[in-house]
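Here is how the chains run, residue by residue.
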Amino acid sequence: MASQYRMNLMVCTGTGCVSNKSLNIIDALNREIEANGLAEEVQVIPTGCNGFCANGPIIVVHPEEIFYQLVSEEDIPLLVEEHLLKGRPVQKLMYTPPETKNPVPTMSEIGFFKKQMLIVLSNRGIIDPENIDEYIARGGYKGAAKALTEMTPEQIIEEIKASGLRGRGGAGFPTGKKWEFCRNAKGDEKYIICNCDEGDPGAFMDRSVMESDPHEVLEGMVIGARAIGAKHGFIYLRDEYPLALERVLKAIDQATEYGLLGEDILGTGFDFTISVNRGAGAFVCGEETSLIGSLEGMVPEPRTRPPYPAVSGYKGSPTNINNVETWGNVPHIIARGAKWFSGIGTETSKGTKVFSLVGKVNNTGLVEVPMGIKLREIIYDIGGGIPDNKKLKAVQTGGPSGGCIPASLLDIPVDYESLKEIGSIMGSGGMIVMDEETCMVEVARYFLSFTLGESCGKCSPCREGTYHMHTILENITKGKGREEDIELLEKMGTLIKQTALCGLGNTAPNPVLTTIKHFRDEYEAHIRDKKCPAKVCKALITYTISKEKCTGCTLCAKNCPSKVITGERKAVHVIDQSGCIKCGICKSVCRFDAVEVE
Amino acid sequence: MKTIILNGNPVEAEENTTVLTCAQKAGVRIPTLCYHKMLSAYSGCRVCLVEVSHRESKAPPRLMPACSTIIDDNMVVDTESETVKKARVFIIELMLSRCPDSEVIRRMAEEYGVFSGENDDVVRDYLLNRAPRVKETNCVLCGLCVRVCAEITERHALSFETRGVQRVVTSPFRKVASKCIGCGSCAYVCPTKTITVEEAE
Amino acid sequence: MKLKPEDLDKITERMRSSTALREGACRAKITVHMGTCGIATGARGILKAFLAKKEENRADDVLVTTSGCAGLCSHEPMATIQLEGEPPVKYAELTEEKVGRIFDEHVMGRKMVKELALAIGNERII
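Residue numbers (my numbering), protein chains in the order written: chain A, 1 to 598; chain B, 1 to 201; chain C, 1 to 126.
In short, the hints are calculated from the structure, not lab data.
Where hints are given, some of them may not hold.
[As the list claims (entries may be wrong)] Under the rule of at most 25 angstroms between Cα atoms (straight-line distance), these lysine to any residue pairs were calculated in the SDA-like manner:
hint, chain 1, residue 1, chain 2, residue 2
1, A, Lys146, C, Gly109
2, C, Lys10, A, Leu513
3, A, Lys478, B, His54
4, C, Lys2, A, Lys420
5, B, Lys86, A, Lys549
6, A, Lys114, C, Gly24
7, C, Lys10, A, Pro63
8, A, Lys390, A, Thr100
9, A, Lys530, B, His54
10, C, Lys98, A, Leu38
11, C, Lys10, A, Gly337
12, A, Lys497, B, Ala131
13, A, Lys491, B, Lys2
14, A, Lys146, A, Pro63
15, A, Lys114, A, Gly202
16, A, Lys231, C, Lys4
17, A, Lys114, A, Lys177
18, A, Lys177, B, Asn129
19, C, Lys48, A, Phe270
20, B, Lys85, A, Glu490
21, C, Lys48, A, Asn30
22, A, Lys491, A, Thr471
23, A, Lys420, B, Ala59
24, A, Lys186, B, Val122
25, C, Lys10, A, Asp133
26, B, Lys85, B, Val197
27, C, Lys2, A, Gln254
28, A, Lys142, C, Lys98
29, A, Lys480, B, Lys135
30, C, Lys2, A, Asn30
31, B, Lys135, A, Arg482
32, A, Lys530, B, Lys135
[Unchecked claim] Only some residues are given here: those of chain B computed to face chain A with a beta carbon under 10 angstroms:
hint, residue
33, Lys37
34, Met38
35, Leu39
36, Ser43
37, Arg88
38, Pro100
39, Val104
These numbers were taken from a predicted model, which means no experiment stands behind them.
Idealized CB from N, CA, C, for every residue including glycine.
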């Protein structure tokens with residue numbers, strides 16, 4: 001085998017691209033490369049998620065850094081012949097921004113990547129996550145080596161404190177302080193935990209880090225274990241992430257083989273092992289005390305804090321829990337220094353944040369941006385704006401615990417404090433973009449239906465309170481809202497926030513409270529006028545056919561699943577409202593824009 | 001020994017005492033529902049919430065469950081502040097909406113002024129007059145039965161099943177538990193008398 | 001194998017060629033022109049010869065890449081050598097022997113092989 005390849009083809013094998021058959025693409029590439037006698041010159045490497053998930057499967061060709069997207073198996077013979085053999089990049093597989101007609105050949109020129117700043121995701125798409133040597137070649141485990149050979153545990157903690165790193169799971173507690181509490185807590189056995197029970201709808205930051213760079217998390221944990229004095233760590237991994245599980249298990253094996261985990265790590269006499277625990281699918285396990293309960297083999301239910309896990313956690317021992325992204329930042333801070341890290345971001349929020357950008361935005365995917373970046377930059381410069389030239393209405397951050405930020409506040413900087421000030425939270429990084437066709441009352445109802453279903457049922461305000469709020473919201477979307485319902489939701493929401501036991505209940509009303517705060521007029525339209533301004537709530541809209549526009553082509557009648565559209569050919573058609581299920585199919589099939597919604 | 005300020009007065013108690021025990025000794029009444037002195041604290045019902053702050057901390061007072069909050073020097077506890085009263089009444093109203101004909105809940109509601117207070121409160125009006133019932137049961141999911149069976153008789157014949165509003169107390173697989181010795185402890189501790197003991201054949 | 005801290009650098013060293021390839025960091029870049037004309041006159045062999053020389057010299061910081069026809073079809077096979085900070089140099093009518101000399105003298109020795117060079121400088125900048 002040649003050790004000197006002239007070309008590397010990085011094929012994304014994150015969950016998104018794998019489900020778009022990127023594994024078949026790898027097979028096809030290897031077949032074609034073999035057939036063209038290029039096997040000694042060109043290497044195909046499976047990598048982790050590249051972030052531009054909407055346009056997968058993705059291949060990046062080095063050294064030219066040519067970015068190919070939406071690649072299918074059929075494109076491979078052409079790609080191999082043109083680019084690999086003849087050196088002519090294939091234009092039709094390149095990214096073409098919607099506003100221009102010119103394809104953009106290289107990755108760094110694409111707007112989606114240009115404004116990003118990578119720390120946690122710095123290895124994405126560049127290394128094979130299943131090969132520890134590739135991680136080491138990019139400076140991996142240097143931070144651990146430094147922490148274990150040159151630093152005392154106290155110095156490590158001081159470094160993390162000085163960096164200003166705060167928890168990336170949502171609450172934003174200073175990581176160094178958290179470590180210090182646990183280090184100073186009394187106890188012979190101490191534990192650290194990596195929380196990878198990512199459960200917010202539309203969020204996949206942790207999954208992607210685990211899939212594309214598992215060693216980064218392991219290295220962070222080794223450093224943390226040394227600082228805290230833990231001999232064992234757990235990774236609590238959502239079971240819906242089979243690929244992350246496979247890769248992290250492989251990574252643990254390779255690291256153990258190299259003596260980077262296990263006994264006498266790097267010959268320094270420090271022992272530390274990691275085991276992986278598969279979660280069974282309860283959102284509440286993202287809450288640290290529930291997660292610990294689940295690790296202990298119990299039903300996941302939160303318990304009162306204090307005592308905090310730092311004092312009494314797993315099996316009553318001092319335990320430190322951090323989220324995947326937080327652990328992922330640690331090796332970089334130790335290797336490059338707190339000063340470097342604290343130079344990025346804002347006064348109170350340092351470093352970068354990974355967001356999964358989803359919803360009504362052109363470029364959906366995973367982005368890492370410096371703290372303090374404006375929401376507008378994320379949505380328009382990176383996200384490429386709203387599809388079909390529609391208007392942006394709101395951005396939801398923080399998942400079911402977060403809130404909706406109206407378009408008028410797009411210029412606020414993204415940091416812990418600013419988001420909190422306007423009623424939302426940083427959260428773990430879900431960012432859902434909503435356009436003018438989104439009904440904010442329905443959004444609030446949706447998020448509440450999620451927390452209602454995920455409430456563990458231990459404490460009464462969360463269990464009963466979310467049920468009542470959901471019922472009230474459902475009534476509003478059905479046109480049965482009462483004038484006092486807005487006040488009722490606000491008062492009940494505030495009381496639930498104050499009285500619930502854990503973070504799930506304390507934040508569950510946020511989507512409702514922020515939509516009332518910023519979109520009260522939509523609630524009022526539903527309640528007073530029995531109208532849904534975004535034309536989403538089925539009970540409040542009617543489909544009619546315009547007498548002027550209808551040509552009597554019969555297409556709507558043919559497609560109506562309820563068979564309630566009648567009319568002779570070439571005559572105006574009519575919808576029988578009593579049987580209409582408001583599915584909207586007639587509107588989508590009409591070629592004359594004759595179906596109107598009111 | 002630790003000293004806390006309870007409703008403005010210093011109260012001394014042994015280390016590791018809960019706010020609830022401390023208050024009971026000082027003759028301050030805090031309502032409870034899921035608490036029993038023989039069992040571990042659960043802090044699920046939230047009716048014993050009190051306002052807790054620390055003299056040395058700038059953090060604003062927080063609502064904490066008296067049944068599981070351990071006292072500490074410089075702890076300031078208020079059991080009758082406006083915030084506590086509002087929270088307490090809200091919890092009782094939620095319970096009353098869940099089981100409107102439970103005697104113990106009605107008594108609690110009466111004691112804390114749920115029936116005599118202002119009637120123009122939208123939350124009260126909704127929960128007492130309009131809200132659909134969550135479930136046709138008087139079980140308040142306090143878990144006393146589950147804990148007595150696990151911690152006192154050590155039979156583990158009862159547990160919670162499913163989550164959220166769907167949650168119920170039941171025996172394994174909803175069948176007569178082979179481990180049940182018919183001691184009746186669960187029925188005895190049940191505050192709403194939802195559990196009955198039947199003679200087996 | 002259990003690693004010691006210094007072993008991390010050894011692995012980094014061993015992996016340098018692929019790291020350099022993906023990070024685009026290079027001291028010299030060799031572009032073999034692989035249009036139909038180039039391939040017909042033996043550009044594949046030229047490319048292989050450059051790769052073999054690179055391997056032989058363990059020149060991890062040299063990139064060997066391909067591009068399309070350079071426009072001078074009658075002078076194929078051709079290659080462009082560009083050292084960091086210097087204008088690119090085009091070599092034409094290459095043979096494996098010429099490749100050996102160009103690699104040794106120009107790429108490794110940093111001295112252009114004047115009698116083989118066709119032109120200096122072009123429209124492309126790395």
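For this session: If any of the earlier hints don't hold here, list their numbers in rising order.
Result: Violated hints: 1, 2, 3, 4, 5, 9, 13, 14, 17, 18, 19, 24, 26, 28, 30, 32, 33, 34, 35, 38 and 39; rest satisfied.
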